[in-house]
Amino acid sequence: MEILVATAVAAMTGAGVYLLLRAQTFSIVLGLTMLTYAVNFFIFASGRLTVNQPDIVVNPDGSYADPLPQALVLTAIVISFGMTALILVMSVRSYFESGSDLVDLFGSEESVSKDRQ
Amino acid sequence: MNHWMIFPILLPAVVAPLLVIAVRTDIVLARIFSIGCSIALLLVGGYQFGLACDGEIRTYALGNWSPPFGIVLVLDRLSATMLLLTAVIGLVVLLYSINGWDNRGRHFHPLFQFQLMGLNGAFLTGDLFNLFVFFEVLLIASYGLMVHGGGGAARIRAGIQYVVMNLTGSSLFLIALALIYSVTGTLNMADVSRKVLETPPANQAILNVGGVLLFAVFALKAALFPLHLWLPGTYANAPGPVAALFSIMTKVGVYSMLRFFMLTSAELEWMMPAALATLIVGSIGILASRSLGQQASFATIASVGTLFVAISGSSPIALSAGLYYMVHSTLCVAGIFLVVDLVIANRPGFGDALVESPKYAHQGIIAFFYLTLAVAISGVPPLSGFIGKILVLRSSQDSSNWQWIWLIILVSSFIGLVGMARSGSLLFWKCSATKVELGTKESNISGSHSDSVESPAESGIVLPSVACGTILALILMLSIFAGPISQFMDDTAEQLYDSKQYVNSVLGEAK
Numbered sequence: 136m137e138i139l140v141a142t143a144v145a146a147m148t149g150a151g152v153y154l155l156l157r158a159q160t161f162s163i164v165l166g167l168t169m170l171t172y173a174v175n176f177f178i179f180a181s182g183r184l185t186v187n188q189p190d191i192v193v194n195p196d197g198s199y200a201d202p203l204p205q206a207l208v209l210t211a212i213v214i215s216f217g218m219t220a221l222i223l224v225m226s227v228r229s230y231f232e233s234g235s236d237l238v239d240l241f242g243s244e245e246s247v248s249k250d251r252q
Numbered sequence: 451m452n453h454w455m456i457f458p459i460l461l462p463a464v465v466a467p468l469l470v471i472a473v474r475t476d477i478v479l480a481r482i483f484s485i486g487c488s489i490a491l492l493l494v495g496g497y498q499f500g501l502a503c504d505g506e507i508r509t510y511a512l513g514n515w516s517p518p519f520g521i522v523l524v525l526d527r528l529s530a531t532m533l534l535l536t537a538v539i540g541l542v543v544l545l546y547s548i549n550g551w552d553n554r555g556r557h558f559h560p561l562f563q564f565q566l567m568g569l570n571g572a573f574l575t576g577d578l579f580n581l582f583v584f585f586e587v588l589l590i591a592s593y594g595l596m597v598h599g600g601g602g603a604a605r606i607r608a609g610i611q612y613v614v615m616n617l618t619g620s621s622l623f624l625i626a627l628a629l630i631y632s633v634t635g636t637l638n639m640a641d642v643s644r645k646v647l648e649t650p651p652a653n654q655a656i657l658n659v660g661g662v663l664l665f666a667v668f669a670l671k672a673a674l675f676p677l678h679l680w681l682p683g684t685y686a687n688a689p690g691p692v693a694a695l696f697s698i699m700t701k702v703g704v705y706s707m708l709r710f711f712m713l714t715s716a717e718l719e720w721m722m723p724a725a726l727a728t729l730i731v732g733s734i735g736i737l738a739s740r741s742l743g744q745q746a747s748f749a750t751i752a753s754v755g756t757l758f759v760a761i762s763g764s765s766p767i768a769l770s771a772g773l774y775y776m777v778h779s780t781l782c783v784a785g786i787f788l789v790v791d792l793v794i795a796n797r798p799g800f801g802d803a804l805v806e807s808p809k810y811a812h813q814g815i816i817a818f819f820y821l822t823l824a825v826a827i828s829g830v831p832p833l834s835g836f837i838g839k840i841l842v843l844r845s846s847q848d849s850s851n852w853q854w855i856w857l858i859i860l861v862s863s864f865i866g867l868v869g870m871a872r873s874g875s876l877l878f879w880k881c882s883a884t885k886v887e888l889g890t891k892e893s894n895i896s897g898s899h900s901d902s903v904e905s906p907a908e909s910g911i912v913l914p915s916v917a918c919g920t921i922l923a924l925i926l927m928l929s930i931f932a933g934p935i936s937q938f939m940d941d942t943a944e945q946l947y948d949s950k951q952y953v954n955s956v957l958g959e960a961k
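In the order they appear, the protein sequences are chains R and S. When the letters of the first sequence are read in order and numbered with our numbering, they come out as residues 136 to 252. When the letters of the second sequence are read in order and numbered with our numbering, they come out as residues 451 to 961.
What the hints contain is simulated information worked out from the structure, not anything from laboratory work. There may be inaccurate statements among the hints.
Here's a subset of chain R near chain S, in silico, CB distances under 10 Å, partners left out [said to hold, decoys possible]: (1) Y153; (2) N175; (3) G182; (4) R183; (5) T185; (6) V186; (7) N187; (8) D190; (9) L203; (10) A211; (11) R228; (12) S233.
Remember, it's a predicted structure, so these values are computed and weren't measured experimentally. C-beta atoms are modelled at their ideal positions from N, C-alpha and C, and glycine is treated no differently.
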């Protein structure tokens, strides 16, 4: 199970970073989504991978499913969901303002400054 | 338990939704509520600062869940200083923006209060995950403020870069938290500090990776070289008052770094080359800027560099000098961004571009503000920048490579001085000598604000002058009372180095 989780996290992080490095808003939004999936999964795994364990400590010596990372993941999911919505709105606005979905600021300075006049 | 401790988080958290729901159509009422809330924050900040002066570390267990199980708020000298500084900057920026600037887009006041809530929370919390949550609160409010009132494609693009940068940072933050949690089993900072010492060697590597990632995140927020690249684009394109408020946001990164790495007794000396590089980049940027906004952004980077030089000195004296410089530079940077906005508002057609222009309204008073702030920032006597830099230089004289530190600080101060003198003479002196036809120069301006919609020339100069004057008065106070203040910073640095006191106040005496 460790191998499965580790490769899943690695693949999603890799894809996320690759997409982030593309200078277009849509790829970046997808990349950020991938990255946050990977992070959520990773936090979940930080409570150790266990199956069929109680989430309340019944006997102190036995193992249990750590409930705290699950709570943390819940918070992280909510925040990343909100942030994704926000960056989508900003991307759409940027597309309408500048007519392209590039995120590069300085390369397109000329065209941008023309827009403003 | 001192219930006033939660007040700086609770009050904006209550006022902001109230502003959204109840008074979103009435700007006057919104201003009254917002100013009232900021004044209350200032009073409570002052009260807590007074409390923290006695050197005791106060804690507040949320919901009375005893630490390390519940979230705990911690008030020591450093967090009290930051709370007070936030309240002061918040009130000044608010005074500036109610001049009519806040009415340019909707929901300025609620976003502003949420931002204050996030800042106060980040400075008070004693829990790592809670720190993450407050980071997100202040960031999401800052995303809204960044694009407040529209402002064209460049600002939106800069906003997107800023959001992407910070979302990536947040992901790293979460990975770091997960790593630290997986080893220590706790996220309470005091408890982490205790568990770190007991970490078995097998887990040490995971813990180190977590610590380095956390360092990267805080360095990103604080704009330490080479993670400073987002700052000039963002700050130069943000509206002036918002950039002034952002001056405290780089300090959140510095604060969190100090808090966490002091508690875990991490070595920070290796940060020195990065700090010096930050200083060099900042001062060259000051000289090379093509607009006043860009110049102010690079001045921010240079001040962060000086601050990190002091912090990586790794001694209580150096840290104390750094803390003094931090207060000074926050005030200066906030002031200079307000001046940038004043210039943009009063120079229709030219914005803040560093080009010659005809005479414009209120030139004299803006020039006075700029001159004083430039003197303070570049570290020329007699203002606090000089004292701050002297303190930093003196604290580094025992370091093995003090020649390099002195050389770079002094040379970069000089470069910064030249850059600011150049833009000052372009903006305030040359304009009276030349007459340029409006519209002919305009096509040459790029990378600066020149939107005509952005210039509320009809709005008065009184409130902005009060706001800038307050900043100048505070800088003057910081210079006059440099003795007692640096004494206080000495005590603060001592307290930060005494991580046992923090741990014991939060968790109780060790068994």
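Hints and how they fare:
About 13 Å separates the beta-carbon of Y153 (chain R) from the nearest beta-carbon of chain S, more than 10 Å, and the hint is not met. Interface restraint check for N175 (chain R): the shortest CB-CB distance to chain S comes to about 8 Å, inside 10 Å, so the restraint holds. The criterion of a C-beta within 10 Å of any C-beta in chain S is met by G182 (chain R), whose closest approach is roughly 8 Å, and the hint holds. Proximity of R183 (chain R) to chain S holds as hinted, the smallest CB-CB distance being about 8 Å (cut-off 10 Å).
A cut of 10 Å between beta carbons decides the hint on T185 (chain R): the least distance to chain S is about 13 Å, and the hint is violated. For V186 (chain R), the shortest C-beta to C-beta distance to chain S is roughly 18 Å, which exceeds 10 Å, and the interface hint is violated. Checking N187 (chain R) against chain S by beta carbon gives a least distance of about 21 Å; that is not within 10 Å, so the hint is violated. Because the closest C-beta pair between D190 (chain R) and chain S is about 15 Å apart, greater than 10 Å, the hint is violated.
Evaluation of the L203 (chain R) hint against chain S yields a held restraint, the C-beta minimum of about 7 Å falling below 10 Å. Below 10 Å, beta-carbon pairs count as interface contacts, and A211 (chain R) has one with chain S at about 6 Å; its hint therefore holds. This hint holds: R228 (chain R) has a C-beta 6 Å from the nearest C-beta of chain S, less than the 10 Å allowed. Of the supplied interface hints, the one on S233 (chain R) holds, with its beta-carbon coming within about 4 Å of a beta-carbon of chain S, less than 10 Å.
In summary, the structure is inconsistent with hints 1, 5, 6, 7 and 8 from the numbered list given earlier, while agreeing with the others.
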